[in-house]
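Starting from two chains that each stand alone, build the complex the way the hints lay out.
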Amino acid sequence: DTGVSQNPRHKITKRGQNVTFRCDPISEHNRLYWYRQTLGQGPEFLTYFQNEAQLEKSRLLSDRFSAERPKGSFSTLEIQRTEQGDSAMYLCASSQQGGELFFGEGSRLTVL
Amino acid sequence: AQKVTQAQTEISVVEKEDVTLDCVYETRDTTYYLFWYKQPPSGELVFLIRRNSFDEQNEISGRYSWNFQKSTSSFNFTITASQVVDSAVYFCALSEAHTGFQKLVFGTGTRLLVSP
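Each protein sequence line maps, in turn, to chains P and R. Positions in the first sequence are counted from 1; adding 1125 to them yields the numbering used here. Positions in the second sequence are counted from 1; adding 855 to them yields the numbering used here.
Worth flagging that the hints you see were computed from the coordinates, not collected in a lab. In this text, a Cβ means the ideal position worked out from N, Cα and C, and glycines have one as well. Treat the hints with care, since some could be wrong.
Said to hold, decoys possible - SDA-like mimics (lysine to any residue), calculated; alpha carbons at most 20 Å apart, straight line:
| # | chain 1 | residue 1 | chain 2 | residue 2 |
| --- | --- | --- | --- | --- |
| 1 | R | K893 | P | L1164 |
| 2 | P | K1136 | R | P896 |
| 3 | R | K858 | P | E1169 |
| 4 | R | K858 | R | I904 |
| 5 | R | K893 | P | G1224 |
| 6 | P | K1182 | R | F956 |
| 7 | P | K1136 | R | G898 |
| 8 | R | K893 | P | G1165 |
What the hints assert, rightly or not - Over 12 Å on every C-beta distance to chain P, these chain R residues come out as not near it, computed from the model:
| # | residue |
| --- | --- |
| 9 | I866 |
| 10 | E872 |
| 11 | T875 |
| 12 | T882 |
| 13 | S916 |
| 14 | W921 |
| 15 | I934 |
| 16 | Q957 |
| 17 | L968 |
| 18 | V969 |
| 19 | P971 |
Isolated chain R (complex conformation) (with noise of 0.2 Å):
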């Protein structure tokens, strides 16, 4: 069955740290996608990024980098040098050819703190 895990619950860093957050997925399909998605304390799902399986270039854009490997099942990503504004919850998510991409599957979400 499809799985996305974030183990990491909450992390707190001050402004200008590098922050990495992890995610692990579970799935059968060799074609799927993945995605990560922002939500501030306004609540909104912010897209961020979304890569299929057969991509395994990591992406970089401004302070975002997202790292995938198959090997492993994971899609991590890194914000470089933190700003506060950052401070929001990450969420990764996954969506699978037999569903026709149709439905996302999420983790349970990396609550990011930012201090200045």
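Bound conformation, chain P alone (with noise of 0.2 Å):
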């Protein structure tokens, strides 16, 4: 499959831990995108790279969340103390400049 990858796609955690999300992008694509999605809502955009510089984030992102991408290819999404409001689809999305955004499942997170 060469469509993005997101793991883990399900994550159940208790309030207060840390959880890491990862995302490997389509392989020539040179964008990649963080998206969260709540419950009967749209997603909402929270950062993106072009190659392993994070470009723009979003008041979205508190200074608990924190994303690389360290060497222009596969993502990471860490998010610390983890709070009940946390819960939410994380999706990942590439693309190459210009391009369609193309995304992956998703990672459903669940905070106790």
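This is the structure we're talking about:
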């Protein structure tokens, strides 16, 4: 499968724990995006990378959130000290410059 | 500010019926793109179409067609002869020139249920 891959698909954690999600984009895509989707809502932009550079971060991305793309390939999204309000689907997408975004199947986070 | 409104929360139809999903957008940019994505139960957003603001031609792809009208800021999506496999949540989205087209602003989605 050469699409966008996200792991884990589902994570259940207790409030206060740290979690990390990984995204492997389509190999020739230099842009990578993170979105968050809560129940009954459309996805909301969090951040994006061009190669290894993080070019924009949404105000939704609090200090507890950090995203990296160290070698310009895969990316990780870490949430520290999780809160119940962090429960959502975290979607990763990739694209070539100027091209359409291709989304992964998402990582669903449940914070108890 | 940019905004996408999908007023229909859920639509139920019987197979073979035609169905139209509405999308109304707001933007201050004169250059923008509009999109439709399909989200089946698996969760993955599947790209359906991208339309730039200078191209108001309607488009047809198989059973799918799109009607873009700048005068009413609408980008509606019609499925002809719906099938059970069309059941999904459909999102309309907007990206604008002033963001370098890097951010998609999504509507809240319309859940389509097609019964046999």
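Open item on the list: Going through the numbered hints above, which ones does this structure break? Give me the numbers in ascending order.
Closed with: Violated hint: only 16; rest satisfied.
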